[in-house]
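Participant: These protein sequences, in sequence, are chains B, F, G and D. If you read the first sequence in this note's numbering, its first letter stands for residue 1, the second for the next number, and so on. If you read the second sequence in this note's numbering, its first letter stands for residue 1, the second for the next number, and so on. If you read the third sequence in this note's numbering, its first letter stands for residue 1, the second for the next number, and so on. If you read the fourth sequence in this note's numbering, its first letter stands for residue 1, the second for the next number, and so on.
Please keep in mind that the hints were generated in silico from the structure rather than gathered at the bench. Worth double-checking, as some hints may not be accurate.
Since copy identity is lost for identical chains, a pair holds within one copy or between any two.
[Said to hold, decoys possible] Pairs of lysine-lysine, DSBU-like flavour, derived with a Cα cap of 30 Å:
#	residue 1	residue 2
1	7	173
2	50	318
3	173	47
4	130	37
5	56	198
6	56	318
Protein chains: 4
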Amino acid sequence: MSFLAKKKCEGVLGATGSVGQRFILLLADHPFLVLHKIGASSRSAGKKYKDAVKWKQSVPMSDELGELVIQACKATEFSDCDLVFSGLDSDVAGDIGIFTSNLLLSFSIMQLCEMYVFVIDQYTEIEFAKAEIPIFSNAKNYRKHPLVPLVVPTVNPSHLEIIPHQRRDLGMKKGFIVCNSNCAVIGIVIPLAALQAKFGPVEEIEVFTEQAISGAGYPGVPSLDIVDNVIPFISGEEDKLENEAQKILGSIDGTAFQEQDGLRIGATCTRVGVTDGHMAFVSLRFKNRPSPSPEQVTEALREYQSEVHKLGAYSAPKQAIRVFNEPDRPQPRLDRNISNGYTVSVGRIRSGNGGHFDIRYACLSHNTVIGAAGSSILNAEIAAIKGYL
Amino acid sequence: MSFLAKKKCEGVLGATGSVGQRFILLLADHPFLVLHKIGASSRSAGKKYKDAVKWKQSVPMSDELGELVIQACKATEFSDCDLVFSGLDSDVAGDIGIFTSNLLLSFSIMQLCEMYVFVIDQYTEIEFAKAEIPIFSNAKNYRKHPLVPLVVPTVNPSHLEIIPHQRRDLGMKKGFIVCNSNCAVIGIVIPLAALQAKFGPVEEIEVFTEQAISGAGYPGVPSLDIVDNVIPFISGEEDKLENEAQKILGSIDGTAFQEQDGLRIGATCTRVGVTDGHMAFVSLRFKNRPSPSPEQVTEALREYQSEVHKLGAYSAPKQAIRVFNEPDRPQPRLDRNISNGYTVSVGRIRSGNGGHFDIRYACLSHNTVIGAAGSSILNAEIAAIKGYL
Amino acid sequence: MSFLAKKKCEGVLGATGSVGQRFILLLADHPFLVLHKIGASSRSAGKKYKDAVKWKQSVPMSDELGELVIQACKATEFSDCDLVFSGLDSDVAGDIGIFTSNLLLSFSIMQLCEMYVFVIDQYTEIEFAKAEIPIFSNAKNYRKHPLVPLVVPTVNPSHLEIIPHQRRDLGMKKGFIVCNSNCAVIGIVIPLAALQAKFGPVEEIEVFTEQAISGAGYPGVPSLDIVDNVIPFISGEEDKLENEAQKILGSIDGTAFQEQDGLRIGATCTRVGVTDGHMAFVSLRFKNRPSPSPEQVTEALREYQSEVHKLGAYSAPKQAIRVFNEPDRPQPRLDRNISNGYTVSVGRIRSGNGGHFDIRYACLSHNTVIGAAGSSILNAEIAAIKGYL
Amino acid sequence: MSFLAKKKCEGVLGATGSVGQRFILLLADHPFLVLHKIGASSRSAGKKYKDAVKWKQSVPMSDELGELVIQACKATEFSDCDLVFSGLDSDVAGDIGIFTSNLLLSFSIMQLCEMYVFVIDQYTEIEFAKAEIPIFSNAKNYRKHPLVPLVVPTVNPSHLEIIPHQRRDLGMKKGFIVCNSNCAVIGIVIPLAALQAKFGPVEEIEVFTEQAISGAGYPGVPSLDIVDNVIPFISGEEDKLENEAQKILGSIDGTAFQEQDGLRIGATCTRVGVTDGHMAFVSLRFKNRPSPSPEQVTEALREYQSEVHKLGAYSAPKQAIRVFNEPDRPQPRLDRNISNGYTVSVGRIRSGNGGHFDIRYACLSHNTVIGAAGSSILNAEIAAIKGYL
């Protein structure tokens, strides 16, 4: 394909954070996306990457990467990039408002500096777009914007069709902004899309999560809070779980998104001592009666093929969903790396036994791959195939 | 009170197991229950306790205890005991039927020996009763028996009223058998009892658990399964959660129990790397409309006083339920030892936001204290106060 | 004893930190030391304790404690206290000098504020003494001061004899300052004292530690650094291990200390995912030939009685040292709470097999009890018995 | 090279164990070693691999592998293999003798069956050799045999020169047996070889280890022993550490090995909650005076090139040793996978400060790659290059 012939230079914003580190890892051997520039807070700008980052990946950083010099996250610094990935994570920053001053004081200076940078940068992500640099964002700021597609690549790549309208509206020719969803939402919405495609709308979901510590960044969760313990709360997370899926699972109607109507989600989010991989336990009720059996659900998940497979995107996993029959799977340590973290695993599919819910199952997603950086990369590949890049 | 004046000699069956160890810890300083004999599998009989047990408690075993000689678990060996506590745990044994031969092979010989002993002993628990030795059981075998009370001490001590009928039916004068519920059920049913007492029947519950490794005994969960991991399945556990509460929350009507009608429970049970303390996350729907607000639920839980408090039982906690306002509590490591593990903690009380469920909350219970041994001890204290002992 | 008859009002400085929290726990039921005032950084001053502290103990804080109002750590605020315990921990603060600016930025604002307070407060600890308030310090600032006793209560209580000279020198009548050693040093020095008392001087020690995360305070060690990991380095710790024991094990000669000559210590310190309890693995060489056998070493440790036992100090453990014969003990989770954390456990005593070292063993100490707050409390009890308080 | 042109069919014995699983993972993409047959205990023989194994690797098993049928571990079943790798681990089996009956009972039936198989199989490994099937063993049984090379591939590949003599002695034409060392020994001996090559003999070593749970197999270490805990003892391990290095570091003199004389090793082995990666902390004394400086040691480790690099073995890491300057590295989670686990990492190189030891450092090795299966594979590659295969 022609887009493969042409290498694209890309930049990574927020390159020292945990999502930024994952971007860099995933792009290391990419056939046509070539890491060209890295950006971080102005505090780190001018330093070599190896001197500014606390690298916490189990794959060592390459020597070349370590020598890269960090730029400030300004559009002018990235004007020679064909596109930019942003790991600037407003999921942390956005929560500032609800912190008591006491809690705020427990943030590290680094976190606070980044927050400040975020408060600026997350709203300047759009500045990259306006400067005609396409940007793929992991922050939450534009997720609900009526002209910004919120794309989970194995679910709703068609939402990229809004890009021409977005460009028109904001006066851009080449630039645009595409958003990722929250890491926990992404894992949940993929099986949901498969089930709705086959059995019609889901009416109500009760979801419970066990989320990995890498989701909180570094230094993130103190060890005294997680050794011999779980934390039954993640600030702001339940709200995202209850409200982002409706846009992703909704439709695009010419120039506007239509959120899925009548989909109610109730969420409980907890933190457990797992490095990577969010577990989600889902109970759901379909609208149509009779509802499908566990066997039918299993088959539908197993057979699910999303548009991204047909498009032939390089990073697309063979299976968007891997279904387990073993009663005790999926498990984070064993299954998070299936298809390098691009596949979501589902298991424990069982009947609701005549209660309010029709079906229960467990699913696992790699929170920094398909739940963050990997989704952005796949979105970029799709955008390239569709001619937006 | 007169029963306080009279010391009772008690025996502990299954004394080398994790529930048995907890019995011994809790009884160490008891004012009128005096440890007299300990029983374990025939393999351990005749050995000193210190030579037969793998003591895994964070409180050291006393020298006196270490020197106690283990008896076989036969009624004849315990005929000089006023009562017997049984930590024989058929929760493990009972699952044998569903194991594949491959899984079975992964059990230790010790576990299998115990299982065999269990298969015998759990059905011989009733032999202790018939031999006129009152027995307080943690096994599941008699929980559903129509003449055996299934008692959570801070919920339904009135169910002990069945004892005279049980004695009549089985031809006993002093003997009887009283059962505990499953460790996870106990933690859930206490707040539920408080809410139903105030707001009328609950119609449906969706419950999700994060259970401690001590619940699986020793050696129990292999470390390779729990470091950097969670296990999304506990064999047989969900079934107990879905089916035991109805009897506990039901009524006693003269000579028979009446299970609570129309209470549907859907359960998902997971294992996490916590030593002690089961977390349960509950979403529930009341029958009566309008349903209570989170504030009303909070107040009802806070004010809950069960019969056991009025009776003045020695081990009864001041509060059956401790309510937290902090958004990130209760947590296992910080809160499992409130009132020495006899209190259940509840937090994160919040509205169902107009969905199927009215209320959501998190609760924490110490799985080997109020979830097992402590419940039996409180049950014995109540039985003594009520004159059955 | 007369000192028992008279209650002493005491204050705790650094009350919100992890050593401060442990002070408060240990003093909760103390027969004659009554918690009167609590101090913390000026940022917390004026707040209720429950609103300023992140309580991380497995025993809940009492309601009374929660309502106590925090004072600034100034001598004027504590003038009505008979003595003051200081949990101000310069072990953290003191390391500032070696941090790169990058590392420094990873400290939380709370930590940095405390550091700043420390930088002030640790050097103002002496101000309390000068204001005639006896102070027991956990900080490192005065440990090497020629007029300040560095006392491990089960080792060298006689070093308190310097107090009159200290008072004379600094112009105080009632005030004085007594220091604790570093938490890891304390655990090592107790068995060492027992062995030297019996077999004469030790010439060389190679020590390796596995230290608990509570030793780094809160938030302290990030969970991403300790889940499925160990950290082979603790900043500044090895230096303390190599240099503090010589003063503790030295003698007091009229008005001056004489450090133990010719005792060389080589140390390697690591951090592991244990909440409380430092393990130390010691290989040592005695000066005298022939060296004692493992059996002789075992007996000497078992029989060790320090002066504190003869003095009848309230918190003194029955045994300063508990010796294990089991090959796999002591272990942190099982043994750290022996005698409420005031006893040090030793096991794995074995021969050096003809190499440079004569003997190897493992020891375990509760790092915030005997390793910090508990030592200060025992030191205060001794000071009271000896008439300095 | 010619040996690359010719594919070799290989078999893996003990294929269901943790070393066996690692063999299979490492051989999955091997250019000329093709997995042909897998063997396990007679209990598993005849089953599909996926039905017999508890796969605990973070990389999923392939579908093809899952369908492979397990053979009994008899030479006749593997007669069509060009070579055989054995993951039969007598490190476990060999310890039977020292277990008390009580401890023995805590082993799973699976473990005991395997032990029984081991007791047979480990002594039948030689039967494979006699049946003319070259065998690379991880068991300890033949490590000390005077005609069996104990080879760490980046240290002493020249020891394979004994093969002709071994063949002569045992009457074999093509068959032979080559042994791996213990997983902890391998990690220690590689830096040691580099240092001795440059600075002459080491006289004494004090080594302390923090070993991963995967080293104990599955189910292995119970989680109740490792959560919030460390275990200060690994049965039989210290003995291997103190006695295997001398043969590896010794010379081959025509037809016999000469162990390194005068190398004394003192070892302390502990188990920590890390999945993979053994840490070893080494203090050592050179024979020659003056001893090298830390800088010289660093340089010698960094420049070390072993014979295996010159031979061009396929799996040989670019660097046998990776040296870290960062004070807190290497760490298991971050560094165990360098060069896919074939490289040993060294850090914290520092002076002995005038004590008995000249130098201290920390090293990390992946216990199931370079510490077990990977070493065997490299040994096989070397044997092929040298014409023994």
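Participant: Confirm or reject each hint.
Facilitator: Taking the hints in turn, this is what the structure says about them:
In this assembly of identical chains, residue 7 and residue 173 lie within 30 Å of each other by CA distance solely inside one copy; the values are 20 Å within and 56 Å between copies. When the C-alpha separation of residue 50 and residue 318 is checked against a cutoff of 30 Å, the pair qualifies only between copies, where the shortest distance is 21 Å, while the shortest distance within a copy is 34 Å. When the C-alpha separation of residue 173 and residue 47 is checked against a cutoff of 30 Å, the pair qualifies neither within a copy, at 33 Å, nor between copies, at 56 Å. In the homo-oligomer, the alpha carbons of residue 130 and residue 37 lie at most 30 Å apart inside one protomer (19 Å), although the nearest pairing across protomers, at 59 Å, exceeds that limit.
For the identical chains of this complex, residue 56 and residue 198 are neighbours neither inside a copy (40 Å) nor across copies (34 Å), given an alpha-carbon limit of 30 Å. Both within a single protomer and between protomers do residue 56 and residue 318 lie at most 30 Å apart by alpha-carbon distance, with minima of 28 Å and 23 Å respectively.
In the structure shown, a violation is registered for the earlier hints numbered 3, 5, in ascending order.
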